[in-house]
Structure formats: C-alpha cells, structure tokens
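Both chains are given apart, each in its own frame, so use the hints to dock them into the complex.
Here is how the chains run, residue by residue.
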Amino acid sequence: MNARTILEKKQLDITIDRLCFELIEKHGDFSNTAIIGLQPRGIFLSRKIHQRIAEITKSTNILYGELDISFYRDDFRRGNEQIIPSEMNINFTVQDKNIVIIDDVLYTGRSIRSALDALTDFGRPKTVELLVLVDRRYSRHLPIQPDYTGIAVDTRANDKVKVEWKENAKNDNVHIITNQS
Amino acid sequence: MSKQFSQSHLLGIKDITRKDIELVFETADNFKAIINRPIKKVPSLRDVTIANVFFENSTRTRISFELAQKRLSADIVNFSASSSSVSKGETLIDTVNNILAMKVDMVVMRHPAPGACMFLAKHVKASIINAGDGTHEHPTQAILDAYSIREKLKEVGGKKVVIVGDITHSRVALSNIYCLQKLGAEVMVCGPSTLIPKHIETLGVKVEHDLMKALQWCDVANMLRIQMERQDIKYFPSLREYSMLFGLDKAKLDRLNKEIVIMHPGPINRGVEITSDVADSKHSIILDQVENGVATRMAVLYLLAGKQD
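If you're matching them up, the sequences are chains A and B in order.
Under the working numbering, the first residue of the first sequence carries the number 1, and numbering increases by one thereafter.
Under the working numbering, the first residue of the second sequence carries the number 1, and numbering increases by one thereafter.
Isolated chain B, as found in the complex (with noise of 0.2 Å):
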C-alpha cells in the first residue's frame, strides 16, 4: 500500500518510526528543489490555518517554521506569550481552545515545560507540533539535523555521532538521540559528569569525558550550547575551563588525524562550545542545517495536514 505518516501529531522523536522519518527525508528532498526555485512557493496548505504559538524565546526555529508555512501557502497567526492575555494568568488549554475557536486547523508550540504539547494534543482537536517543550523534545530539530548528515555523508545507519555539551538541559540531544538511533547510527554523549544526566546509557549511548577521545572516536560532532538561562546552579567552575576541555577549536581539530563534520543547532555561543575558525569552516554544515530547516519543516507540514479529512 502507498507510505503514510503514522502520528497525526508531532510530539517527539520516540512517537515516531523510522518509516516516519525517512517519508518525511523523501518529502523534504521536494522541498529542498522548490525552495531553490526562482518561484518558492507551492499551493499544497491554501486552506489551512496554523496557529505559531511560542512561550518561550526563538528565533531560527520560529523564522523557518514560518518560512515553511508561508512556502506551502497556508494562513498563519503569530501568538507569543509575552504578548497576550497568558500573563493575565489563562491556563494553557484555554489559551488554544480560543485560537482554535477561530478555526485554526494546526498549532506549533513552543513551551517551557516539558510534556505540554503532549497534555495539548489531548485536549484540543488539532494537529499539534511540538517546536521544543522544555529539555524534552525537538523533534523537527533531530530530523533536519539527521537530513543534514544524510545529505553531506550520503546516509545516516551506520555513522557515529557525538554530541558535545549541556545534554542534562537539552531538548534538541534527547531528540537527536532517538532519531540518530532509529536511522542506525551510534550515538555518544560528551560534557562534564554534572551536564550528563545519570543513567544515560540506558538510552542505549555511549558516554566520554574526553573531548579529544570522543572527537577521535566520530564521524560527526554536533556541539550543543551552553544553556545558561536553564542552569540554576552552577554545573562547572568557569566559561573559561568549559571551554578549554570541552571548546572545539582549530588545534583540536588539527590534532585529529580524520576530517569530521561540525554540527551546531544554533544560537551558537562563539568562543564558548565552538570558535570562530571552526564553525565558520568547510568542515562545518551549521548554514546547511539552517536552510534544511526549512524543507524538512515543510514536509512535516505537509505530512501531517494530509492526514486530515
């Protein structure tokens, strides 16, 4: 029978199966063609409505989703909880009840607290995308990050990745840690042992507190950034020695005898997880996964709309 999308919702990696991702890799190679177009838009979403509904800050994230929507031709509303009636102390589901009740037939969440897109999808009657829900998920992030590997080293089983840096705080590890899994690759975890949450391997990954061994071990480094505004306590004496064992520069780099592919899902910090050199290097794809942003997040649009009946 033709190839579907299983979920009807996009709520994290672990929902979702390898078919899933590879259906939506296949779609996004379409997008990819028309985004590079003279003309960029195609009529696919005319008569959709997607809500962007954002507690918490973004920008790369919030700009590709709505480049996306824009290229499929679908209305979109803008909604950010700084400036809206949250603050006058409206509880979640009522808040999307209310856009809803003006006929949206999507919503894209971003949210400080992990779990919320999941408490939404039951009780609201709409597709809902989760855009990171506290250091939980962000699945449309894991799957143009596993795109931008399949693109530059042709495919992703077999590969092995290192994500380097604050994976206690961080969303974006946990989702790339089940998406790298189920397309095959091997997956290890970097930082200092209070940024690495306890029982990790049991997520089936390999953990190193040696910058230098790990980077010697991977095909591809994805170095996460230092989530400053998620750390209550301090996790590491200084920037400065964060930096200095767990930075990557030019010399690391050097020492290496291979060459690797630099990953970052931005905002980067420079200077602090990666330097200048580095991330604007040939070595680094950090602009490619910027623009696969968008493609892969068109075709999770599409998937999902057509779903619908």
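Same shape as in the complex, but just chain A (with noise of 0.2 Å):
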C-alpha cells in the first residue's frame, strides 16, 4: 500500500477559495441558488463552502441542505454491507431553484445518479450542477460530469481517492492510496 498526498491544507485552502469564486461569478447574490452536500462525506466540504462563499458575499441567508441518498442507491440489497442511512436536513422546496450538488469524489456517478433521484423528492428544481473536489477522471459507469471540479486525476480501479477533514481526522488532506498487486 502506498499513499500519495494530491492537496494538503494550504493548496485546499485556495482550491476551495477558487470553486467559491467560481460559484460566485454564475450564481450572483444565491438568491434563488441553494447549496445542497451529499451525506455522510459530502458534507464536510458542502459547510466549508457554504460559509466562506457567506463570508465573500457578506449574504447570510443563502439556502443550503444535506441530502441523503441511502434509500436511493442502486446496490441496496446487492452488496453485503448494510447501508445505513444519514441525517437529511432540507428545510425548503428545491422548486424553481439553482440547484448545487457538492460532494467530495466524483468515481462512477452512481452516488450522484441517486441523489438525482433523491432531489426530485424535494420538487423540480430549475437547475442542478454537480461541483466536487476531486474528479477521478475515466471511471464513470453513467453519463455525468462535474460542473465545477477542484482538482482532476487519473486512478487505477483499485485505488482509493481518501478525503479527510480536521472534522473526522486530524488534517485537511487528499490522498491517493495506491494497492500493488
């Protein structure tokens, strides 16, 4: 096994600096925008932009959510581990709005797919794109693309993309963990 660091604190720092600016120039004051973070690791990300893109616009009522999409998923009852669910937190109708989805790795699409599925619960949103933080290119099972991407990289099918926040590890860091076989 071997771990390689993509990004740690400092350059994620300005990656997410940069996604914010991004959403910024397309999405003006968010006034009919929301932010919405796919549970459980999506979500750590979704708060982090969620409050600096508050802080740049000086705006404090900018929607945002955290969607679960556990009773959506394709492979429940196909796997051999339980899924259990997470907390969904929407408290307004995604009807007519611009919809931002955020997650942490983009691999096959099947997360977002369901979380497609997930959103259309809440209404029929006007918009949906799709930002992650990493994109791991040339692995997608399903026709989806990111919209904003904070850094693309090429994986093996066996490799892992480990994502971790000084919420639920020590550091903010990105690693890619290579197995040899």
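This list has only true hints and no planted wrong ones.
With a Cα cut of at most 30 Å, we get these calculated DSBU-like pairs of lysine-lysine:
1. B:K14 / B:K182
2. B:K307 / A:K162
3. B:K41 / A:K126
4. A:K160 / B:K3
5. A:K126 / B:K32
6. B:K307 / A:K160
Please keep in mind that the hints were generated in silico from the structure rather than gathered at the bench.
Computed from a predicted structure; not experimentally measured.
Written as structure tokens, this is what we have:
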C-alpha cells in the first residue's frame, strides 16, 4: 500500500476559494440558488463552501441543505454491507431553484444519479449543477460530469481517493492510496 | 466497522440487542422526516415482495405495516385467514410455503398461537417479522412505544414506566418489558392480581396492585386494553369495578403532584382502562404512537431487507 498526498491544507484552502469564486461568478448573490451537500462525506466540503461564500458575499441567508441518498441507491440488497442512512436536512422546497450538489469525490457517478432521484422528491429544480473536490477521470459508469472541479486525477480501479477533514481526521488532506498487486 | 442489524428475522425483542433497537431508532428518525414530506415515498424496497399474513384481526398494525411497505415502494400481498384455504385444513407451513413459491421475500405474520413465528422462521426461507403471536410478543409495538417515549422525554434510559392492566394476556406487555429494560428503563406492572402472571418479578419488574402508588412512582403510564377475547373465565367481578380501581381518569391524574406521559397501544376501550378526557389530553401521546408506528416499521423492514444478498 502506498499513499500519495495530492492536496494538503494550504492548497486545499486555495482550491476551495477558487471553487467559491466560480460559484459566485455564476450564481451572483445566491438569491435563487441553494447549496446541497451529500451525506455522509460531502457535507464537510459543502459546509466549508457555504460558510466561505457567506463570508465573501456578506449574505447570511444562502439556502443550504444536506441530502442523504441511502434510500435511493442502486446497490441496496446487492452487496453484503448494510446501508445505514444518515441525517437528511433540507428545510426548503427545491421547486424552480438552481441547485448546486456538492460531494467530495466523483468516481462512478452512481451516487450522483441517486442524488438526482432523491432531489426530485423535494420538488422540480430549475437547474442542477455538480461540484466535486476530486474528479477521478475515465472511471464513470454513467454519463455524469462535474460543472466545477477542484482537482482532476487519473486513477486505477483498485486505487482509493481519501479526503480527510479536520472534523473527521487530524488535518485537511487529500490522498491517493495505491494498492500494488 | 459499520453498524449491522444482528438478526435476519424480527421474532421478538428477547432475541435482539440494545444496539439493534438503537439502530432501528436512528433509521426511524430518517423515515419520520420522509413521511412528513410532501412526497412520502422512497424507492429502497422496489424489488422486494412482502406478504402480510394475518391469522388474527388487526386494524392499526396491519394498516401501519401496509403503509410502511408502500412508502418503501415494496410490492405487497395481503392474506387473511378468514378468506383463505386455512379454513379448508391447510397447515401453516404449507400455506406460507405456497405463498413463498410465488417469490415472496419477507413475511409479516400475526397468529393466535404463541411461538408461531419462531416455528415458521425455522421452516421457511424468508425473513419473518412477528406482528403479534398470541400472548407471546409484539416486537414492533414495543419498538414504537419506546421510540415514542424517547421522542417525548429525550431518552428511555433511567425513566420509570408502569404498564397497567391485563398483563397475563398481553403480548405488548412482554415485548415492552424486554425492550424498555434493554434500553435501561425501570419497569413496573400494575393490575388486579388475577391478571398479573405468577413469578413475573423474575423478569426484573416491580409489581404493584395500587394504581395511585404506581402512578406516583412513574414517568410514563402505558394503559393496556382488557383482552376480553382471550379471557375464558372471569378474572375480575365487573368492568365497572375494574375501571374504578385500575382505569385512568382525570380525577386520579389531578391527585398526582407531577405530570406523567400517557400511552395506549390501542384499540382503546374508552371508559374502561382510560377515560376520554385523559386519552385526548395533552399528556397523552397515543396518536404520536400511531404515527411513529409507520416510521419504526419502515426502519425494521429496511434493515431486515438490507440483510439479504
């Protein structure tokens, strides 16, 4: 096993700042835009981005929610591991809003497909965009691509991309873990 | 490692652990949020077929299970003994195996014989959920009762719960005792001595025959129905006398120097074990229990369905 760091704290902060400015460039004052983080691992990034955008735009009422996709996954009863749901927290309707879905790593695209299903149960959004911190290129199972990307990496199927945050690990870091076999 | 539900059936609270019950609660929190949304449905169980096999009458439990299954997008078939081949002499295993031959993944069963679900779980290949077996257990009722206490009083551990009424004939009482004790609550049973089983103290519960003393002790009172259909002999002189001694009314509540939470598993015999003004008062969480029944049953179905591969 071999771990390689691709983003550490300082670079990560710069990347998040850039992503925030890209979002502001497109969505202005966020009056009709909501940010939605995906449970369980996307929420650390989405909370950071929500907070940073609020600081930059000085706006305090940007709509923010956290979406759990457990009940919409396509591998329920297909694997051995039980899928335990996380908390869902969306206290607004997504009807006619621009939605930015935020997740940490985009790999096969299956989570995002589930998220799109889950989202439509809260209404019909005007547009849905996708922001990811790490895009694992050339590994998609579905026709899904990000609109905003932190960093794009080329990985093999048995590699792992691990995103750590101060909230759940010691520090903010992104690693690629390679399994030599 | 990630959390797991330990059993592949839900036959009784006796077989499951505190961790299992807490996992059901956490999962039910998510489902409670979902059933209060405009779109109350999720697609999780879309490839699961569930048979509801009821050999005994039921309104609440059956509707609650059906709604839970429909909100999880499961396909369901309903079966009641009165309109089936059981009256032609078919055995339980044959009946259920015939249903399973039509590719059913889970069976929710209510049966008048204690242990019927356990027997079935040994002989058929499907996940079995006990929806009440005679005077033995009614696990989903106990889970929803404990969930409702947790919702109202923040936690179950350390709380004092009295179960009042017909303990002998009640499956709700037995499941509730197991469930509440596993979660760390103290349990007392209260009723006429004829309706309290001998040696019930061995389960670790207190016994009290004076309702006022019991109410003064408890944080939560769970009032059970007198099960006339299971009483072949007279256990007390008259309903009027029973309700005077063990029925909960406004006057008795007013004499307490504290507020307690009132529960009832339904169906209510108004004026016998509980009067209307108490059942409809702000201390009563009877209708919350019904709402939580759907969320907790969704959680049980989801966790058990997820066990199979």
